Amino acid sequence: MTRRPLRPGRGFGYWAQVLGAHAVLLLYSGIALFPIVLVVINSFKERRSIFRTPYALPDAESFSLVGYQTVFSGARFDLYFLNSLFVTGVSLALVLLLASMAAHALAEYRFTGNAFLGLYLAMGIMIPIRLGTVSILRMMVALGLTDTLWSLILVYTAQGIPLAVFILSSFMRQVPGELKDAARIDGASEYRIYGLILPLVRPALGTVAVFTMIPIWNDLWFPLVLASSERSKTVILGAQIFLGQYVNDWNAVLASLTLAMVPIIVLYVIFSRQLIRGLTQGAVK
Amino acid sequence: MGRFRPFLLMLAALTIAGSGFAQSGSLTIESWRNDDLGIWQDLIIPAFNAHYPDIEVTFSPTAPTEYNAVLNSRLEANSAGDLITCRPFDLSLDLFNQGYLASLNDLPGMENFSDVARSAWVTDDGSDVFCVPMASVIHGFIYNRDIFEEVGVDEPETYADFLSMLQVIKDAGYAPLVMGTTDQWEAATMGYQNIGPNFWNGEEGRRGLIEGTIGYDEGGFVEAFEALAAWRPFLPDGYQAMSYPDAQNFFTLGIGAIFPAGSWEIGVFRPLVDFEMGAFPPPPPAGQDTCYISDHTDIALGMNANSDNQEEARLFLEWMTTQEFAELYANALPGFFPLADHDVTLNDPLAQTFLNWRNECESTIRSAYQILSRGTPNNENDLWNVSAQVLNGTLTPEGAGAAVQRGLESWYPPQQE
Amino acid sequence: MKPTKRFPVHLVVFLAPATLVYTVFMIYPLFDSLRLSMFTPLPDRTETFAGLANYVRLFTDANWAPFLWNAIRNNFVFFAVHMLVQNPLGLLLAALLSSHVVRFRAVFRTLLFLPTVLSIVLVGFIWRLIMSPIWGISEDVLGLFGLAHLNQPWLGLEATALVTLSLISVWQWVGIPMLLFLAALVGIPDELIEAARVDGANAWQVFWGIKFPLILPTVGIVGVLTFVANFNAFDLIYTTQRALAGPNFSTDILGTFFFRTFFGAQLQPGNPTMGATVAGVMFLIILGGVLVYLFAYQRRLQRIEL
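Protein chains in written order, with our numbering: chain A, 1 to 285; chain B, 286 to 702; chain C, 703 to 1008.
One thing to keep in mind: the hints can contain errors.
From the derived model, a few chain B residues whose C-beta atoms are all more than 12 Å from chain C [unchecked claim]:
id	residue
1	Asn319
2	Leu322
3	Ala335
4	Thr343
5	Asn397
6	Gly437
7	Cys576
8	Leu631
9	Ala687
Selected chain B positions facing chain C (in silico; Cβ < 8 Å) [claimed, not checked]:
id	residue
10	Asn357
11	Pro521
12	Met527
13	Asn534
14	Tyr654
15	Glu665
16	Ala673
17	Gln674
18	Thr679
Which bits of chain B does chain C cover? Going by a derived footprint, with three or more residues having C-beta under 8 Å, they are [claimed, not checked]:
id	segment
19	373-381
20	463-472
Treat the hints as calculated values from the structure; they're not laboratory data.
Computed from a predicted structure; not experimentally measured.
Cβ atoms here follow ideal geometry from the backbone N, Cα and C, with glycine treated the same way.
Generate coordinates for the entire structure from the input sequences, incorporating the hints supplied.
Below you can see the structure in the form of structure tokens.
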């Protein structure tokens, strides 16, 4: 192997690398986007064009909104969207708050049972909460919470805590001790110290937020079992039921897929700027 | 949950009573028929309310694939609706035996249903009936008349005619039989159970299985697998990955000639096709005078035994035994044929074609539904699997029969002797 | 860590809410369900204690054992595809995205993670459409490379269905390892890399000699998370192949086997106690994987650091 220092603007090898890196990223972006784009463009075409010219953009002849008309007459996606937004938002806030508090305690204080509690809380990472469905449903009935969004929020909060505690506590352990000791000497309370540490683990919070939010938004099972009434339907359940009902109507299928995808994509694109900033600033070094 | 149960139930009763969940005079219907939401909301419930304006009815369907699981969870948690759509035979019988479905022996109007119509929703000794039969579905073949005329073929009389007709259609460049195997159930339901009764002589063969006098590995049951295997060259390219909705689109777009069907397709296809449709019953083997069709009791409605609105629920069920409901339902859902003894006229000619076969052929139901799917392995699931494999060419007809028989013999005493 | 002296009220305040919600809504229901695996139902809807009889049945009965082993084997294939394709691909993409020579990194990052934010229900449905012979997309894509004649009904053949589904799952989830690797890579101090560069190492050598050893803890986390996620997987196969996981159970993994047993399928009634038993086996397998990670992988890493 040749040992040549790599500096910007030097040599054939350098440019080949730059080109290769971009080619790989472009190719894979294409693979990632192709199915999504295909669904979106065909959702705006009439039935025969979907099958005959799937790759063409809709034109004057093939353009049709019939799928969207079916969707809007058959399902209340605006309501489903608000439900999903509420459930995801509240659960996410609760997970971040409760888990960061617990993670802080686990990372910061030495007490009897620390290791045990850490293991106990981490255990949930490896068990699918679905196994407990029947018991959960019985409990929700007892609490009078069936067909409410709060039943989902409680389950999702419980489900999100283990991974969040696991990731956050390992990040919090890396926060240098001098910082906290200095604050303590200045007379800061333990709660104030928690408040001090939180901004320092922003990248971890961002990662946890993404990993918590996605499965909650996308869950099908618990909305199906706990809250399947029309007024408490989430987007995914609404889409699933709609898809089941109109499964052979490709216009409606493609339109509802598009409608179910676009909000989360938009949310993600907005959110990802924050996430990336947190990640790249890398407060913990 | 054991020890907490009484406490939780009390809490549940309190909260439910307090939440207005159980308003008097309101009914919720659990169903897997999410396709029918509009029909219930716009036709059936208003017709019922014309008689009983004070009873508010909500039709609350779940996707068919999740229905059993979700219904069971809800029943266990006592959060299920007042009226429960009944699957035929053991699934509903189980619910009755567990005390979730109420007995309907004394429901006025039940006398409008014959023993055959009730058979899917009675206890084994016939002493209790627990669902009001709603409809049966009939199997056969729906075809594209335009293609038939263009190619110059006619409805087949015998199974041999059928196969040679498929060859003619294939030579003309159309996909003769439109069906895929990826969802599996079509291979068993629209394939094996559709053509099979002609080979195992309908009820005679089906009862023979239950009594243990014949097995899936002999006689008509193997012949039916052989007849099914003959479809292989006539299925569309890539049929192994073709799903049920794919096949529906393939047919309604006019690129395939014949759809092995259940009568429920009529209502699905009507708005999608721009050609004339016809239908013919499964053709019997040459030289057999009697023809047999699968006229499968498919759907009924029962009452949640723990419902708080039993009085209203019974009024609804009673109304479902009337001529008015039978006619309304049969015409709103062409292809779902009423089971009550009323004379019903059908507006859809294709649905009428299917219904006429009841007079020409002997009726039977799917072979695995009564009693035989009680054990492990499940007989119906086995049939799905092997029927799909026979069409995929990964199992011979004899191998398929032997595999299903092995599963049945492993737990079903009459077949063990 | 700081030892606490007086009664630690703040400790309770910090720990109680998370522990409580987690215990009541996750651990209790899970153990209540696992308890079921030691019971067998009686006709009158009650259950009687059966010890390990259900487990013996699951591992020895001819109606159960072949399905269990089939599901376990398929699950390991599913896992292997993720380890061999998803995680190396995630690492490659993360390496490229953390490289200073790449332009529009934020745009690429956003695009590459996009499939991961979509619901499995939607992803399963979209790929079913794309793989559908009636739309013919997979044939056209192969046609781009002149390979149209190689097109197969990928999801319909026993030989290809499982790998195809695994790759669809990789398509969706590659964003997760990519993000984790990326977070680790950008956390590496620039001075270390600069020092190596000054010594004349090229990008390849810098990556394998400096960066990769530093992100080994993340490699371990990605591995164990992949293992846990794969052995809990269910939705994708359920959406595309339904509860019977066809053709001929070639795509049946533990998640679908559990679902079918617990909730039933078509005429097969649900069997909560046997379902709970399958869940118990899943639990043990996952526990085994996590223990291997904790005791073998992490220990060794710590020794290296020392």
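Non-conforming hints, listed in increasing numerical order: none
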